[in-house]
Every structure is written in structure tokens, then in C-alpha cells.
Amino acid sequence: MATTEVASEVTGSVWKVELEEGDHVDEGSVIMILESMKMEIPVEAPVAGKLVDVRVSPGESVEEDQVVCVIQS
Amino acid sequence: MRDPIVSNADDGTQAPFADGDRLGELAFRREQAKAMGGSQAVERQHKANRLTIRERIEALVDQGSFREIGTLAGTGRYDENNRLVSVIPAPYVAGHARIDNRPIALGGEDFTVRGGTSFGSQRRKGGQGGFVEDLAFHYRIPLVNLIDGAGGSVTSLKRRGHSVFPGVDGFERSVELLGRVPVASAVLGTAAGGPAGRAILSHFSVMVRGSSQIFAAGPPVVERSLGQRIDKEQLGGAGVAVDTAGTIHNAADSEEDAFAQIRRFLSFMPSNVWELPPVVSSDDPLDRCEERLASIVPEKRTQAYNMQRLVRMVVDKDSEFEIRPTFGKAVITMLARLNGRPVGVVANNPMVYGGAMDADAARKQIHFMELCDTFHIPLVFFVDVPGFMVGRKAEVEGVLREGMRAVYAAGNLSVPTVTLVIRKCYGMAGMATCNKNDIDLKLAWPSAEWGSLPVEGGVAAAFRREISAAEDPAAKERELEAELRPYASPFRTAEAFAVEEIIDPRETRPVLSEFIELAEGRLRTTLGPRPRVGVQP
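As given, the protein sequences belong to chains D and S, one line each in that order.
Quick note: to get my numbering, add 110 to the position in the first sequence (first position is 1).
Heads up: the second sequence at position 445 corresponds to 426 in my numbering, and the numbers run straight through without jumps.
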């Protein structure tokens, strides 16, 4: 079983988290939406699998390259 | 299959061929070359999860196509009767071979022989001004460097009796090659010195994540100079050299992956600047109109979308090869094909700071545009750029200078170019996506908008006094924005023929493919090296 860490591409804040731990994701599923530079930036699943760890919650700040969730596939 | 290892250990035994048996001697000397630095050194190389130079060449090129040049170069040891006992081969293996049945020159350091350090022969096999560079230059074929060495060694000082002035074996040929033939380098071990320099003087470079490092100087020098203790992976692993600094273009998961990337890169390139890039047959229909393109850009202007996916829907299926996917991510640069013809795609990435161009993205775009311009690969810009990145960090990194260098590089392009505005095209960063030396073709989707700066923010700046004097400044700002917004419609610009065509997003593939095909006649008549121009800002 492979685990894939999903990192934020930007420095910004978490606007909303769309999925929960345990949810199934397809490649391209939107897991959460960040806000940066007045843009809503979706965090998409790079692979299909199960969302096993969501490490941030709405309102929280995130840094570039920070791991925000983990997918197991 | 690996070659059997014949020991060339110095055991004092005499070479197994009779006096005067020239063919026997040739066979023995060839065996000695194949044995490289001996079985122990080869084992050490394998234990470090690295292939030997000979295995690397076999893994890279078309099977059985390698013709070695300089096989016998090395240091012979003779007995008291002047009979050959053994040969330690030169620490560099070179020759020519074929990739996709097209000829290339290639060579690489043999780390199993004295750690791949340079070798004091009459003529250099590889490296600066080496035979392999001359072969690529004069026969106008691509050069592949398989780098695993740290260049010169002070051990040569005593043998030579004097120290070498920098540049005696200079980079002149490496520099000339960059304007003549494709040069691809794989960093496959720890590279410093001359080999590291040559990795940079390449059109495409790749290193193996976890087992390759590259730096100006390694940990011992760093510790002596600065007192900093740092291991070689932290100093020059792919996390630094590829993802952060952009010193090397791509990272690979293994040596085999690095070779696959080099083969892929070369598949888009002509053999030299006097030829057109190779066209392949494509089974992806030219008139494929992707329905999903009609809705991929969200209605809401502040919602980002996946530009990678968008581009993949347009170009020939599975044809894309991304250059620098982990560096300067605000812009995506990839080689791809449209109806079998190579194109260079430059696409702004709204997922990364709205696609705003920062210094790294500018550097990445400049290199890619010059690469495509040099090898006659038409460029397609998928534009969604709100401008240069703003803020203190961006300014400290020199965004304005790097951004204007991108504008300068775009201004020097001679290769045909199509500009397709997907959403935003603002300011000077927008200018770096057009080529006025060409037909200056600007296409747009209906979702497009452009200008010197967006209406929002632009209104706040231009009408500052009027807004602050209003009873409800926020309402006034909204009112002014609403008044100006209709003029930002792309259709108004199309009325004025200031953008040449607005297309249905679903038609993107056929429209772009047709223009790329049209450009071929022009490309065919403008082959050859690009002239050097001016001074880069």
C-alpha cells in the first residue's frame, strides 16, 4: 500500500475542507480549497485512494510545500 | 545482462597473448577496458545503487548500437621485458550510438576508475573540449553526457609538474554546442567541478532523486570554508538542485528513468539547428473537440482550475513531456505534439499564486522559450497571468528584472508562436506571452480578459481620490468597477480586431493544430543557428 502526501503549492489559508478522513478520492477530486492572492485554490488528489489524514482545518494558515493531507492507495 | 568482470588487478601475471599476436593483444586490451576499475570497484558502484558507465550506455541507447571510440586509452603496466601486464582504462567511456534510430554522440565518467577524475591523455576523450564534444559539433549530432565525477584532482599536480591555468581546457566547445545541437546531461553520481559545469551547459539535464548530487563545491570544502557541516544530499540533492534552485531541470526516480527522460527529450529535437524537429504520425484525431473544455474555467473569476489537465486535453494524447515540473511552478513548460508536430507549451498555472510570474517562473520560461526558438519548435502560450508576482519576497528575488528578461526573451523570438488567452492576460507578464516578430497571432477563449491591470485594484488605484471622497467609499468603488467591467469584455477587443479571433474552447485542438501545420513552411525557410543579440537586461 502506498501513501501519498499532498502538499500545498502556495502560502495562504484553508478556506474549506470538502472531504473527510476515510473518504474515497479519485484522481483530481477536490479535497480542500485554499485561499491565496485573493484566489480560491483547490487542492486536488494526485492519485486515487482513501483519504487517511487531513492535517489542517478551515482558517488555518498553510505554507508552501506544507503537507495538508495524506492519501493511501 | 551485465558484462562478466575480468580482473585487471595488478597481480603481476603476464598478459595472456603470445608475442607478436596483435589480434590477441587487441582482444586482451579490450577486455581490460570492459573490466573498468576491477570487480571490487564495480561492486562498490552497484552497492551505491548506481550502474557502471558501460551499463548506463547499454540502458540508454538502441540495443547494440554503441560504437566505442578510445577503448584502449588508459595506463598500461609492463614487466621488465616491456611486455604488457595490465591496463587501467581511462576513467571516461565515449563513442557514438543511436536513440530511436537517430545518431548521437555520448560519453561519461567511469567512477570505478579513480572516481572518474580527469585523465592526462594526449587528447581528452570527454569533458571540456574532449573528443566526444568535437564529434557532436562537427557531425552535427546530439550530445549526451552521463555525468559521474568531480573533475580534476590535485594528484595530477605532481605528475604534470605545474598547476593548470583555469580554462586551458575550457568550455568554449560546450558553449558553441548549445547553439548547434541538442545537449542532454544526466547527473548520475556526485558532480562537482567541470562535470557539474557541463551539466548546466546543457539544454536538458536530469538527476536521480536520492542518489545524485550536484554542487559548486562539496561538503569538505564547505566545512573548511564556512565551518558548516552539511551532508551532500542536503547540499546538492534533487530537493535543492531541482526543486528549489533549478540548477538541474528534472528529477528522475532511477537511472533508468533518467535515461527514459533523455530519450523522450531527444524525441522532440532535431539532430541539429539546420534540421526541422521530427514529426511523427498521431492516431489522436486532429478534429477531436473535448466537451469538457467548455466548462473547465470556472465562472467565478477567483476560482483556480487545473491548467495541466486543460493542456492535456488539447495536445496529442500522452505526448507531453514536462520540463522542470517542480521548479517555478507558477508556469508550466512542456514539450508536446499537435497532430504529430512538436510544440513548446508555456502555460500559466492559476493554482500557484493565481499564475503570477515570479523570478523562478520567469527564469524557467526564458530557458524554455530559447530552447524552442533554437530548435525551431513553435510555441503555444496558454495564458492566464495576472501580472508579475507582488510583495517584498518577490521584489527581493528580483521579480521585475527576471520578469523583464522574460519580456526581452519573448521579444527576441523568431519561432512561430500562437498566444491563446484562457483567462487573464495582464501587464508586462502578459507581454512575455506574445511574439510580435511573428504574425502576432492572439487567440482567446470567451473567458478571457486583459489589460494593463485588472479592473479591480485598477479602479482603487486610478480613482483613489474620488473613492475616498465618497460618502460610502466601498460602494463607490463597486459602482466604478461595475461601470468599467463591460468594457473589459473580450468581444469588444475582437470588434476592434485587437485580438485576432475568439474561439470556442472545444475547437482549441483543431485551431492550434492548423496554425502549427501552417507554420511549417516558414520554419523550413528559416533554419540554422540563431544570431546572438544584444545584452540581456
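Note that these hints are calculated values from the structure, not bench results.
In this text, a Cβ means the ideal position worked out from N, Cα and C, and glycines have one as well.
Please note that the accuracy of each hint is not assured.
[Unchecked claim] Facing chain D, a subset of chain S residues (Cβ under 7 Å, in silico):
id: 1; residue: Pro200
id: 2; residue: Thr283
id: 3; residue: Gln284
id: 4; residue: Met332
id: 5; residue: Val333
id: 6; residue: Tyr334
id: 7; residue: Gly335
[To be verified] Listed next, the in silico BS3-like pairs over lysine-lysine satisfying Cα-Cα at most 25 Å (straight line):
id: 8; chain 1: D; residue 1: Lys148; chain 2: S; residue 2: Lys281
id: 9; chain 1: S; residue 1: Lys28; chain 2: S; residue 2: Lys281
id: 10; chain 1: S; residue 1: Lys374; chain 2: D; residue 2: Lys148
[Said to hold, decoys possible] Far from chain D, by Cβ distances over 10 Å, these chain S residues were calculated:
id: 11; residue: Asp0
id: 12; residue: Ala8
id: 13; residue: Gly45
id: 14; residue: Gln103
id: 15; residue: Lys298
Hint check:
{"no.": "1", "hint": "Pro200", "verdict": "24 Å, violated"}
{"no.": "2", "hint": "Thr283", "verdict": "5 Å, holds"}
{"no.": "3", "hint": "Gln284", "verdict": "5 Å, holds"}
{"no.": "4", "hint": "Met332", "verdict": "6 Å, holds"}
{"no.": "5", "hint": "Val333", "verdict": "5 Å, holds"}
{"no.": "6", "hint": "Tyr334", "verdict": "5 Å, holds"}
{"no.": "7", "hint": "Gly335", "verdict": "4 Å, holds"}
{"no.": "8", "hint": "Lys148(D) to Lys281(S)", "verdict": "12 Å, holds"}
{"no.": "9", "hint": "Lys28(S) to Lys281(S)", "verdict": "55 Å, violated"}
{"no.": "10", "hint": "Lys374(S) to Lys148(D)", "verdict": "17 Å, holds"}
{"no.": "11", "hint": "Asp0", "verdict": "62 Å, holds"}
{"no.": "12", "hint": "Ala8", "verdict": "49 Å, holds"}
{"no.": "13", "hint": "Gly45", "verdict": "36 Å, holds"}
{"no.": "14", "hint": "Gln103", "verdict": "50 Å, holds"}
{"no.": "15", "hint": "Lys298", "verdict": "16 Å, holds"}
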